[in-house]
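Protein chains: 2
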Amino acid sequence: MGKLLRINTREKTLNFEKTTDAYAGLGGRALTSKLILDEVPATCHPLGKANKLIFAPGILAGSPAADSGRLSAGAKSPLTGGIKESNAGGLVSQKLARLGITAIILEDKPETSDFSLIVIDKDGIRILPADDLVGKGNYAVMETLWEKYGKNVGVLSIGQAGEQCLKGASIQQADMNGRPGRAHGRGGLGAVMGAKKIKAIVVDDKGASRVEIKDKEAFKAANKKWVEMLRKHPVTGEGLPALGTAVLVNVINEAGAFPTKNFRSGQFEHAQDISGEKMAEIIEKRGGVISEPCHPGCVIKCSNVYNNKEGKYLTSGFEYETIWAFGAHTTIKELDDIAMLDRLCDDFGLDTIEMGVTLGVAMDGGMIPWGDGKAAIDLLSKIGQYASEGKIIGNGAGFTGDALGLDRIPIVKNQALPAYDPRSVKGVGVTYATTPMGADHTAGYGVTANILSVGGTIDPHKKEGNIELSQGLQIATAAVDAAGLCLFVAFAVLDNDDGLPTICEMLNAQYGLSLAPADVLELGKSILNNEKEFNRKAGFTKIDDRLPEMFYEKLPPHDTQWDFTSEELSKTLNF
Amino acid sequence: MGKLLRINTREKTLNFEKTTDAYAGLGGRALTSKLILDEVPATCHPLGKANKLIFAPGILAGSPAADSGRLSAGAKSPLTGGIKESNAGGLVSQKLARLGITAIILEDKPETSDFSLIVIDKDGIRILPADDLVGKGNYAVMETLWEKYGKNVGVLSIGQAGEQCLKGASIQQADMNGRPGRAHGRGGLGAVMGAKKIKAIVVDDKGASRVEIKDKEAFKAANKKWVEMLRKHPVTGEGLPALGTAVLVNVINEAGAFPTKNFRSGQFEHAQDISGEKMAEIIEKRGGVISEPCHPGCVIKCSNVYNNKEGKYLTSGFEYETIWAFGAHTTIKELDDIAMLDRLCDDFGLDTIEMGVTLGVAMDGGMIPWGDGKAAIDLLSKIGQYASEGKIIGNGAGFTGDALGLDRIPIVKNQALPAYDPRSVKGVGVTYATTPMGADHTAGYGVTANILSVGGTIDPHKKEGNIELSQGLQIATAAVDAAGLCLFVAFAVLDNDDGLPTICEMLNAQYGLSLAPADVLELGKSILNNEKEFNRKAGFTKIDDRLPEMFYEKLPPHDTQWDFTSEELSKTLNF
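Quick note, the sequences are listed as chains A and B, same order.
In terms of this note's numbering, the first sequence opens at residue 22 and continues consecutively.
In terms of this note's numbering, the second sequence opens at residue 22 and continues consecutively.
Same shape as in the complex, but just chain A (with noise of 0.2 Å):
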C-alpha cells in the first residue's frame, strides 16, 4: 500500500510512513475518519494545535475508473464541532495517488502568523514562505501557482475566509482550467487551514508512474461496463450532462420542495429565473460552457462555465445548491446576481450553501432587504474585506442568527440545511438530522426514491420507509465516498442491480482482493460507526440528531410538518 505524508506546520518538518495493517485497503472518507478518531482528541478545540486536516484519496483514485477522482478532506469540523470529510473533484486526488500518498496529515499550528505553501512532487516536498499569496483570492492563488509550477498542477488553497479562520470557510480545488470552480465547501474545514496556516498545497505528479493494476484486463472490462452504465442512466446521462446540477430547479420547485425565504415555502415564484433551463440558455447565448468534468476521467460532467453579460468569465462550477442558497432561499432571482455571489465564494473561499443561507437569515434579521441582489453581493464581499460584518456572517448561519438573536436558524450540528426542504423530502430530512455531519444531504441523498424515483419510490410526505431510505443511502454513500467515486453514480447504481458488483470487480481488479458487495456496506457501516464514536466522544448525542423547532411550523403548498420522533430517528444510524 501507499504512504502517510506527516507534515508539522509548526516545526516544518514531515515524515513519510508506511500505512500499517489497520489502515491497509482504506481510502478517501475511510481513511479520514479513521484517523480522525485514532488521532484527533475529540474535545480539542478544532482551531487548536490538536486538531488535525487530512486529505486522502479513494481507493480507486488514479485508476481508470470513471468518476473517482474525488478527494476527501477531514478534521474535527470548526463549524459542527464533530467530525467531517468534505469531497471534491479537481485534479490534487489522482496525482497523490499517482505519487503513492495514501493521505496528507497537516498537524500542530504555527505560533507566527506567517503562512506557507506546501509543493508536493516526485522529487520530495517543500515548505515555503507564502507571504506573496496571503491575503489574496482563491483564482489569483491559482493562476500564480499554475505560472510557476506548471499548467496542470493540482491545487488545494483557502482564500481569505480561511486566513481569518471562519467557520463557513472551505478549501478549493484548482479545477481542469486552474480555476478555483471545485469546493471542499462544507463544515469550515479552510478554518482549520487557516488556523495551521497553510495558504496552499500544489500537488504535481509529472514523472510520477501510474496506479498499479494487478489485473489490468479484467479492470478494463469492469469499468466498460460501468462507463455504460453511468451513460445509459437518464440522471447520469441525459440531465446531469445537458442542464448540470441546475437541472433540479424547476423538479423540486414543483415537488414543493424548493425551500423559499428562508423555508417559508416549498415553491419560489421566480423558480423560472434561476433554472437549469434559463441557466442552459444564458451560457449558450453568451458563449459559456454547458457541461465539462470537475477532474479527468469524469464521463457525467455536471460542472460548466457561465460567462457575464459581456460574454467573459465570470463563474464555474455553477450548482443546484448553489442557485438554491443564493435564490429562493434569499428570494434573489437574477441569476447574474447568483453567479456573481458564487464566485465570491469560490474567492473568498466559502462553502456555498452556508453562504446563500446566512444571507437568507440575514435578511430575515433585517440585515439587507430580501431579494436585493445587490446588497447581498456587498454583504458577503465584507468577507473579503476583512470587516466585522464579515466575521459575522462568515462564520455561518448558525452565528449570524445568534448575532441578530433570531430564534428560527435551519441549521442541524450549526451545519445550514441545503436544498431540499425536510418537511417534503422526508428522506433527506432524516439524513439531516441524523448523519454526523450536520446537515448534509450528499451524506444520504434521499431526494432519489423521495423525488426522482430512482431506486423505487418513497412517499416525501410521509414517516414511512424514509428511516430505512436514508440508513441504506447513507451507508452506500461511506462506502462511495471511500472509493474516491463521484456521489452521482449513485444514480446508476441504484437502478441497476449490477452496480456494487461492478465497482467490487474494478476494486478486486486493482487490489487483487476479493470483495463483494456485502463487504462495501460493512465498509459503509465502519466508516458511519466511526464517525458516530468521535462525535459521541466530542459530546454529542441524540439530542443533536434533530431538526430545529422551525420545521414544525406547516410548509406550503403540501402543508408538510415535520414529525419524526428522536427514538425514531434513532434507529438511523443502530446497526
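Accuracy of the hints is not assured; some may be wrong.
All copies of an identical chain are treated as equivalent in the list; a pair is satisfied when it fits inside any one copy or across any two copies.
DSSO-like cross-link-like pairs, simulated, lysine-lysine; straight-line CA separation at most 27 Å [what the hints assert, rightly or not]: (1) Lys299 - Lys330; (2) Lys330 - Lys484; (3) Lys553 - Lys563; (4) Lys172 - Lys70; (5) Lys39 - Lys24; (6) Lys563 - Lys333; (7) Lys558 - Lys592; (8) Lys575 - Lys218; (9) Lys558 - Lys575; (10) Lys592 - Lys563; (11) Lys70 - Lys575.
In short, the hints are calculated from the structure, not lab data.
Chain A is fixed; fit chain B onto it per the hints.
Just chain B, lined up with the frame of chain A:
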C-alpha cells in the same frame, strides 16, 4: 403560600395561579429551576416562544431577615444553552413578597416588534406600550420610571443589549437610588426578556401588607443572632464594608490567582492601581460613597458610588469581578476607564464579567490594542450604537473568539470564566467546570477555604479536597439562593457552627416549620439535581463539565496547571 403570576407576552394576558403542592415552600433558585425543568422544553431555542423567563423572590424575602433581598431570575440561557439562575439585589424581591407574588412567569413571545412595560402593584397588573423607553439605556429608563411611578418602585429593565437579544445581555435592577447598579448579569437573561419584548417591569408595593411571620418573637431573636454573626465576621463585618468586594484585588493578586492578559499570568503588575484600597481612596477624595447596601435590610453594605474627576456620579455597584475583568484581564490599569466600562455595561444592560473577558479576547484577536482603555470604551459603545462590532462582542467571549478565529477562549459551557484562575484556586476551578450554570464563581465559591481560610483551609494548588470543597459549597449555595439570602452570608455561616441553624430558626419562625440544617442541604441537592436534569435533557454530557485546553498551560508565578480528570470532576455533583 403565595401565587404565581403568569403573563403571556404575545397575547398580553395574565393570570394568577395558586402555587400547587409541588412548589410549596420553594422560592428563589429552587422555584425558578423547578419551574424551568417542569415547563420549558429543554431543547427549545432560548429566544423562542417556548422558553420562559421567571423571577422569584427567595423564601425569606420581605421578612426582616438581614440580607434576604435577592431576587432570582431564571430561564434557559441563550449563552450556555442550559438552565440559568442569576440573582441580584435591588428592590423587587421584597416588594413582590409583600404583594404575595411567589414568581412572575413570562411566557410566549410577540410576533410584532413593539416592546411592552409591565406595571405590578397591589391593584393589579398593567401591560403598557413601552415606545417611549425603546432604544434607551437603563439609566434613562429607570429615571423615567421612578419619575412616573414613584421614587422607590422596584424596576427590572433591559438596555440596548437586551433589545438586540445579545447573549451578554443582563437584566438590571434599580438600586436604592433608582440607578441600574444591580444586575442579573450572567447567562444572557436580558436577551430572553428582549425576545419577549418586555423592556421593563415596575413593581410597586405601596399599600401592600407586610409579609406574615408566624412566630414574631422567635424570628426577632434568630435575626438578632444572625445580624451579629454577619457583623462579627472579618469579611462581612470589616473587609466588605470597608473596601467593597474590590478588597480582593490585592488578596487574589498576591495569591498569584489574579488572571492577567487573558489568563496568561496570575499576577498583574498594576494591581495596586486598581485595588480596593486605591478605589476607596479615590471615592473618598471625590466625594463618592464607600459603602452602601444593595437592598434594604443589608448589613454588609459592599456596594458603593464612584464619582468621576469632577466629583460627579460615574458608576455604582463597582465590584471586584468587574474591576478584574476590565482591568487585569485586559491589562487596562486606569480605574476611571474601568469605571466607565462598568457604567456602560449597566446602561446598555450587559454582564460585566462576560464583557470584560470578551474585551480581553478581542485584544487577543487584534481587534483593539492590549491595555487601551479608550479603545475598549469605544468598542463597548458599539453595542449601544447597534453596530456590527457590537453584535460580535455583545454575544460574549466565546462568540467573539469564534468571530476572530481564536482557539484560546476562557469559557465553560460558553460562559466566560470569572476573576479567579482555576489553576491556582482549584476549588473554584472545580465549580467552573461542574456547575450547571457555566463558569460561575458564585455557584460554589472555593476561594473561601482555598485563599481566605474561611470554613477551613484547603491547598488551592493541589487536587486534594477541592472536589469535596466545591461539592459542599455548591449544595449550600443553591440553598442560600433559594432563601433569597446574599451569597456573602456564606462567610459567616461557614465559620459559625450556629450559622445554618440560625437560618433554619428564621425559616421555622416565619412559616411555622421545623426545618433542620440537613433539610436545607437536601433542598440544595434537589435544586442541583433539577438543574442537572434539565441540562441532560438539553443534550449536556460530562464532556461539557470541563475547562478548555488553555488551562493545561502553566500559570505563573506558581506554574500551576489544571489537572483534574473527567472522572474526578464527575464526582462533584454525583449525590
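Quick rundown of the hints versus the structure:
1. Taking the closest pair of Cα atoms, Lys299 and Lys330 come within 27 Å of each other only inside a single copy of the chain (14 Å); across copies the shortest separation is 69 Å, beyond that limit.
2. Taking the shortest Cα distances, Lys330 and Lys484 never come within 27 Å of each other, neither inside one copy (46 Å) nor across copies (70 Å).
3. For a Cα distance limit of 27 Å, the shortest separation of Lys553 from Lys563 qualifies both inside one copy, at 11 Å, and across copies, at 17 Å.
4. Taking CA atoms no more than 27 Å apart as the test, Lys172 paired with Lys70 passes in neither setting, with 34 Å inside one copy and 57 Å between copies.
5. When the C-alpha separation of Lys39 and Lys24 is checked against a cutoff of 27 Å, the pair qualifies only within one copy, where the shortest distance is 5 Å, while the shortest distance between copies is 72 Å.
6. Neither within a single protomer nor between protomers do Lys563 and Lys333 lie at most 27 Å apart by alpha-carbon distance, with minima of 49 Å and 56 Å respectively.
7. In this assembly of identical chains, Lys558 and Lys592 lie within 27 Å of each other by CA distance both inside one copy and across copies; the values are 20 Å within and 19 Å between.
8. Within a single copy, Lys575 and Lys218 get their C-alpha atoms only as close as 45 Å, which misses the 27 Å cut-off; across copies the closest is 25 Å, which meets it.
9. In the homo-oligomer, the alpha carbons of Lys558 and Lys575 lie at most 27 Å apart only across protomers (26 Å), although the nearest pairing inside one protomer, at 35 Å, exceeds that limit.
10. Taking CA atoms no more than 27 Å apart as the test, Lys592 paired with Lys563 passes in both settings, with 11 Å inside one copy and 24 Å between copies.
11. In this homomeric assembly, Lys70 and Lys575 come within 27 Å of each other (Cα to Cα) only across copies, at 17 Å, whereas the closest approach inside a single copy is 45 Å.
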